[in-house]
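The chain contents come next:
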Amino acid sequence: MRKITFSEATLEAMTEEMQRDDRVFVMGEDIARQGGIFGQFKGLPQKFGTGRVLDTPISETAIAGAGVGAALAGLRPVVDMHFADFITVCMDEVVNQMAKIRYMFGGQCTIPLVLRAPDGIIRSAAAQHSQSLESWFLHVPGLKVVIPSNPADAKGLLKAAIRSDDPVLYFEHKALFPMKGPVPGGDHVVPIGKASISRAGQDVTIVSYSAMAHRALEAADKLAGQGIEAEVIDLRTISPLDKETIFTSLAKTHRLVIAHEAVKTGGVGAEIAALVAEEALDLLDAPVARLGAPYVPVPFSPSLEKLVKITADDIAGAALAICK
Amino acid sequence: MNYDAEFLRYLYRRMVSIRLFEEKVGELFLAGELPGFVHLYIGEEAIAVGVCASLTDRDYITSTHRGHGHCLAKGAQILPMMAEIYGKKAGYCKGKGGSMHIADFTVGMLGANGVVGGGYNLAVGAALAAKMRQTGQVAVCFFGDGASNRGTFHEGINMAAAWKLPVIFVNENNQWASTTPCHTTTAIENIADRAAGYGIPGVIVDGNDAFAVYETARQAVERARQGGGPTLIEAKTYRIKGHFVGDPEMYRTKAEVQKHFDENDPLKNFAKKVTAAKWLKQADLDAIQAAVAAEVAQAVEEARRAPYPEDGELFDDLYAEGGLK
Ligand SMILES: Cc1ncc(C[n+]2csc(CCOP(=O)(O)OP(=O)(O)O)c2C)c(N)n1
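Residue numbers (my numbering), protein chains in the order written: chain C, 51 to 374; chain U, 8 to 332.
Please keep in mind that the hints were generated in silico from the structure rather than gathered at the bench. Using N, Cα and C, we set each Cβ at its ideal position, and we do this for glycine too. Watch out, some of these pointers could steer you wrong.
Claimed, not checked - Straight-line distance between alpha carbons at most 25 Å, and here's what the computed DSS-like set of lysine-lysine pairs gives:
1) Lys53(C) - Lys224(C)
2) Lys356(C) - Lys96(U)
3) Lys261(U) - Lys92(C)
4) Lys359(C) - Lys96(U)
Said to hold, decoys possible - If you want a taste of the chain U side facing chain C, the calculated C-beta under 7 Å gives, among others:
5) Pro42
6) Gly94
7) Gly153
8) Arg157
9) Leu274
10) Phe322
Stated by the list, open to error - Covered, in the sense of this in silico footprint (three residues per stretch, anywhere, with C-beta under 8 Å from a C-beta of chain U), are these stretches of chain C:
11) 167-180
12) 193-202
13) 344-353
Let's have the full structure, built from the sequences with the hints guiding it.
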């Protein structure tokens with residue numbers, strides 16, 4: 051299969067969906083003239099014109115809010131947040147408007163909007179440019195949240211998100227943009243709400259997503275060297291959570307490790323651990339191991355930044371500890 | 008207008024400090040010595056220095072992602088700034104902030120900001136505190152043309168105007184917001200014209216002329232100190248360097264940039280004016296330049312050698328009262 055980068059994969063999704071449906075358009079900062087910070091919008095204005103690929107002012111409130119308005123009026127906007135950290139600027143538009151309008155107004159409308167948000171730690175970008183905020187949005191009914199880890203899912207989930215009639219937050223890890231991987235040709239769509247099993251095994255289940263999914267696979271390699279076969283689940287969507295895939299795996303392994311880059315406290319791992327405790331406690335033979343960043347903003351200095359990152363060794367160590 | 012020689016030397020020293028500091032930081036970054044990313048203030052020195060020359064150490068400023076110049080103009084020291092940019096423990100923020108998050112509260116520098124438009128309301132709040140406590144302090148908010156389109160601009164200026172707070176909003180209109188020319192995202196020609204909508208004075212000044220900036224800021228500061236409320240100053244300038252160091256700058260020509268620099272370099276403007284008026288000799292300027300160059304070189308040496316923060320410092324300063332580990 052051909053290999054393309056994560057960034058190119060999202061660009062293919064955008065191109066195909068904009069060709070397929072002329073209601074799809076995209077707006078954000080520095081996307082037409084620059085092509086996006088990560089090249090993820092390169093060439094779109096040449097193909098579709100600056101009437102459908104809009105460079106906005108630095109006005110996240112207007113970008114997200116006008117996205118909602120355009121969706122209400124029949125378009126299918128993709129809005130870009132530049133960095134996921136800046137969703138904080140338009141929390142009203144996301145939480146009170148985007149997520150609630152359809153329900154509040156008794157289902158009179160749909161909000162087919164995608165909000166793209168590059169997140170995660172890269173190269174000492176420091177506290178205001180490194181966050182992983184995805185878990186906040188699990189707590190907001192009305193939103194869907196996807197978070198791919200590789201080019202194929204990046205493409206397939208973005209296409210699904212654009213076709214969805216509900217608002218979808220699309221988190222894309224900054225460190226993944228240059229990553230290459232196989233992407234199927236044709237109309238490759240990955241369903242929202244479905245996790246994937248990226249490695250099969252029967253001794254322990256490692257649940258992860260986004261860039262951390264790669265650390266999980268590395269951890270599984272390390273564990274295999276010690277005779278432990280880990281099953282690795284890449285969630286791909288975190289709202290709605292695919293608990294069936296997790297429970298099915300646990301029925302086999304009886305051990306669960308959850309790893310994400312986001313702060314551990316109140317993270318996606320907490321929700322999964324709670325679900326397992328409520329609905330599948332009998333499946334567990336050992337306590338759940340949760341890995342996430344320590345409870346601290348991401349520090350600038352490389353010597354401190356590395357302390358908040360979860361490594362493959364951390365994951366393998368946690369798995370070993372519950373497999374004893 | 009006449010200026011005493013000491014004041015002129017002070018102005019030049021601060022501007023040269025910024026220029027040489029930024030040139031060195033750019034060089035070090037390209038050499039791969041610095042983590043993170045850096046935005047340089049080269050070509051805009053007259054604004055920060057002209058404005059801060061009208062303030063005292065007790066007055067406040069809030070800054071931006073392009074904040075090194077504001078820091079140095081307000082009186083921050085070169086060594087702890089350099090150490091911070093290296094991510095070293097000797098830095099102003101103990102290595103936790105980096106280039107985009109330098110602050111020196113001892114000189115009223117309330118911090119650079121990674122969030123565009125994050126500074127307005129911090130300045131408004133500092134001015135509110137000054138007014139409530141009747142301290143006579145003022146606060147200055149520096150912000151870019153791009154930042155003028157954040158909603159916080161409106162909320163901050165309106166509240167400050169309604170309450171006649173001692174705050175001065177200083178727009179650094181360098182005509183670019185990253186890759187986006189100001190005129191494509193802003194329908195009015197002058198950001199200062201927006202002042203009318205808030206019932207406050209809006210003043211346009213040549214941001215490449217330290218004297219013009221200083222005189223304009225002085226009047227705004229005086230007005231604020233006397234209870235007259237805010238002023239919106241728009242300092243027209245041009246962003247000489249890329250948005251960040253390493254920016255390929257595909258969106259403009261080298262010739263355009265060079266033309267602006269040749270015609271409007273604030274340091275050259277200053278030198279020309281003070282030597283022509285015989286206020287200072289070229290030798291005075293050269294001596295300042297040499298002293299600053301030595302200080303910057305020394306700071307690089309020390310910052311390079313300085314230790315990184317230790318693992319045990321990760322949780323320090325999260326809460327004033329200590330906290331979770
Ligand atoms: C809220 C927010 N949106 C977007 C960004 C990304 N960003 C950083 S600097 C910048 C351009 C800022 O332009 P301007 O305010 O004119 O300042 P200049 O860089 O020209 O000094 C952008 C878009 C950000 N840091 N914060």
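Hey, does the proline 42(U) contact hint survive, CB to chain C under 7 Å?
Constraint on proline 42(U) satisfied, holds at 4 Å.
With a cut-off of 8 Å between beta carbons, are at least three residues of the segment 193-202 of chain C near chain U?
As far as the segment 193-202 of chain C goes, the hint is violated, because 0 residues have Cβ atoms under 8 Å from chain U.
Interface hint compliance - glycine 94(U) to chain C, C-beta minimum distance less than 7 Å:
holds (3 Å)
Three residues or more, CB to CB closer than 8 Å: is that satisfied between the segment 344-353 of chain C and chain U?
holds (count 9)
Check of the segment 167-180 of chain C against chain U for coverage (Cβ-Cβ below 8 Å, three residues minimum)
holds (count 7)
Proposed interface contact between leucine 274(U) and chain C, which counts if any beta carbon pair is under 7 Å
violated (29 Å)
Hinted pair, alpha-carbon criterion (25 Å max): lysine 261(U), lysine 92(C). Please report holds or violated.
holds (22 Å)
Mind checking the alpha carbons of lysine 356(C) and lysine 96(U) for me, to see if they're no more than 25 Å apart?
Holds. Lysine 356(C) to lysine 96(U) sits at ~15 Å (cutoff 25 Å).
Compare the distance between the alpha carbons of lysine 53(C) and lysine 224(C) with 25 Å, and conclude whether the hinted pair is satisfied.
holds (19 Å)
Status of the phenylalanine 322(U) interface restraint (C-beta, 7 Å, chain C):
Check passed: Cβ of phenylalanine 322(U) comes within 6 Å of chain C, closer than 7 Å.
Can glycine 153(U) be said to touch chain C, with a Cβ gap under 7 Å?
Since chain C brings a Cβ to about 4 Å from glycine 153(U), closer than 7 Å, the hint holds.
Grab the minimum C-beta distance from arginine 157(U) to chain C and call the hint holds if it beats 7 Å, violated otherwise.
holds (6 Å)
In this structure, the hints that do not hold are numbers 9, 12, in rising order.
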